[in-house]
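Line by line, the protein sequences give chains A and B. According to the working numbering, the first sequence is numbered sequentially starting from 394. According to the working numbering, the second sequence is numbered sequentially starting from 1291.
FYI, nobody ran anything at the bench for these hints, they're computed from the structure. Source: prediction; values computed, not measured. A portion of the hints provided could be inaccurate.
To be verified - Computed footprint of chain B on chain A, listed as stretches where at least three residues anywhere in the stretch have a Cβ under 8 Å from a Cβ of chain B:
| # | segment |
| --- | --- |
| 1 | 460 to 468 |
| 2 | 610 to 618 |
| 3 | 626 to 638 |
| 4 | 648 to 658 |
Even for Gly, the Cβ is constructed at its ideal location relative to N, Cα and C.
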Amino acid sequence: MVKEEAHTMFKSILRRGLAVTGALALMAATACAPAAAPSSAPASGGQAAPQANLEPYKIGVTYPLTGPLAAYTNEIMPAMQLAVEQINAKGGIKGHPLALVTEDTKGSPEGGVAAYRKVVEVDKVQAVMTIFTNVVTAQIPLADQLKVPFLCPVESPGLVGRGQYSFAHSPNFGSTMPLLQAHWKALGIKRVFAFFPDNAIGEIYSPIAKEGSKAIGAEYDDARYKLGETDYRGVVARAKDYKPDMILINGQGTPDDGTLIKQLRESGMTVPIHLGANVFTVKAWQDAVGAYADGMVLAGMNIDDTDPVAKQFGVDFKAKTGVPPPVVATELYDMIQMFAYAIDKGGYNGTAIRDQLKQIKGLPSVAGGTMTMGADNHSKPPVDLWRVKGKDLVRIKAGDK
Amino acid sequence: MIWLQVLVSGLSLSGYYALLAVGFALIFATFRIFHISHAVVFGTAGYAFFVFHRLWGLHFLIAAAVAVAVAAVTGWLIDTLLYRPILRRGGSLFSVFIASLGLSLIFEAVVLILTKGQLSKANADPLQIIEFGLVAIRVYDLAVIAMVAVLYGVVYTWVMRTRTGLEIRALSDNPNLATVVGVNIGRARNAVFLAASALAGVAGIFTAYDNGMTPTKGVELLFITIVAVIFGGTRNIFLGALGGGLVMGLVTATAGFLAPEWVLISVYGMLILLLIARPQGLLG
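The shape of chain B in the complex, shown without the other chains:
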């Protein structure tokens, strides 16, 4: 029965990874940008939500909506003020990656100064649980899983059924040809960064509400998310991110149960084995 409990924990964790992974994969697959600063977007949303909800007393939904908007704008600003100028001036994608890494380190340092590294938790109240025999499921986890499913559905519909989504898919498949046939790269780029950042913002809000935010939380989660993306592959962004997120959630929950000190070893060990056996990821 305890394995059911571990499974429940794993599914809940998968939700967080899946939200971060689909946004990260969307940006990477479309523009080949290794967006480490996705952690900055996640962290900004989490801390913003903490301030709005816990410190200023705004209603949960209002605080969440504003925090998601803050996340979306933050991600868009990172692209507009950092990535695009580098690329315009002839910088390579590697330069963009270094800048992204630098920004995430600056963010950590600034947040450390402001918060002194202390936990910022948006919710102080106990969470309700439902017990099925020896297995306890938090109502909150069910809400997270449901929300992730809804968001995936919305983003999938948007990418597969709208003109902007068509442009994004075109850019992902063949950026040069997409430009030739008149895809509005600027509009598509804005849309990708706004959407991906909003999804990261939702993950940040979930984290801030449940376990709280620390300066390094974003990067810690993002590195596991990147493993999830590589695991799932980027041929099918949605299935890949979801599958990779699910695997990582179950791996981290299982490792956390068996040997907590081996969590990161398990995650990166699996990644190395997968890259040796199937470098393109599970789904290509």
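One chain only, chain A, in its complex shape:
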């Protein structure tokens, strides 16, 4: 009996010991795992010719690494790393290598603010790359407060001009909307139904699309869709009930657009779908939309394949990632170049970088052409109308059917 009791007690102690050990191991693993980004160490770009004993010039990257927006950003982020690698291969900036410090915003405004604070106050970066209107909107006042500028590829007109330290390099809905307007007018579109994400983008884009439609005498209605949802049949039914001549979708380039488009077509709607931005070149978007993309019209920029610099970028990007670069990858590459230029001219200081960014004029762009910062803190590449034909984009004119 005593032996049995001892055996039972031993088993009990062993079980408890294992439980405690397991809990401690779990706690240790949790403490060691990064809370946000996989690594806040400098990206692979920081290991080339620059002098080993000079401090790297760090650029913060506040991007969604998890969540519904991550599919898009994971595909384009290698462009930043490529730019850093190529700059470092040429000796960095006055011998200092560039390094990227990444934090996960999860695609939310509060995540964006936390990530921005972290890279500036803890990692001491003097420049930040960020993305997505809903995140950027929250970061603008913080950038001004911390006096550290950011560059982003948002396409919301007038947004970055609200701050002193916020800049963008991208096409702009203010410049793509007139192209779409002209196309709708030429086609005789009378009823427009638009879809925008249920965040700051919708708030900014909806009035512009509404005014643009009214200006050509078309009636207008819109609906918002929540990113990360998988069932949009409710808003799709609203669009169907409206009986539009055309549907405009201006999402954030995420696979949610694909789900929405798929469910639009599955509801029996066959009207043309137009996009307010060139998200077609994002592979995750293409995979989500699939065959439904064919025939879509979009307004945006595209890479000039005849330009040797753009061509080489395409080769380098594909060598790094295995896929051709989406258009927005050129924007990210260009923005790193802008920061490199500004740091080289003004030094590694937030306000000095901001001052140099404002003066950028005629800087070569990897998409072809040059970049010039506008008075509204927005550098806008030229845009055009395109139609999806298979896996390619074909330039079209307003009214082309």
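Assemble chain B onto chain A, guided by the hints.
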């Protein structure tokens, strides 16, 4: 005519809720366990199906069968390795509920790490539709409704016509008396968890195939399912789950049409009103 379209969407959604609801209700009514980890079973099946069918290229039926088996075993393991030890050591049903909630949160976090929160969709091809005037019905939705009807029939027959079903009903009515008269609780318990989890697995497969899986999809659907169960009541598990699932499907589809941002408000608002007016649910 647009309301017919909304009705069709609602009926399709009802199928998903009904599958989850009947399993959840079966577990709750029989063992009084608030099985939040039913969402884990749902999610596991959905992701398993995505991996087998989309990534590994297994035939749809084979991938589905394996995913359902994975779901059934997952549910059984949750009960065997988590719930039963807690109860054996004197833990209360509330402790079981907390453990179940904890497991569902861990599952979400792990899946988020593995998938980075990206949508995992098992089907990339367009779905066929049949049009009746202005109403378009997806063939897939018809298949879902038919499958739900068949599964309900199978589970109903099993519960009402078999010895194990008799034991389950006995445990549901009076667990103490059932034990006294010699009902094999262990066998009944295994059967309930396996069956309920298999049904959740089927719902997971449907979701993964159609709209795709996200880390939070299971919990999102389960909370609406719980409302469906409470709505329908647990006196009659099948009618209650089916009725509650139908109501929730129509409510979410209608709210999604009228004001998408009000879907959850509509669902939980209805629940509160029902609990005030008829706390035992529609069918008791």
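Hints, one by one, checked against the model:
no.: 1; hint: 460 to 468; result: holds (count 5)
no.: 2; hint: 610 to 618; result: holds (count 3)
no.: 3; hint: 626 to 638; result: holds (count 7)
no.: 4; hint: 648 to 658; result: holds (count 5)
Of the numbered hints stated above, none is contradicted by the structure.
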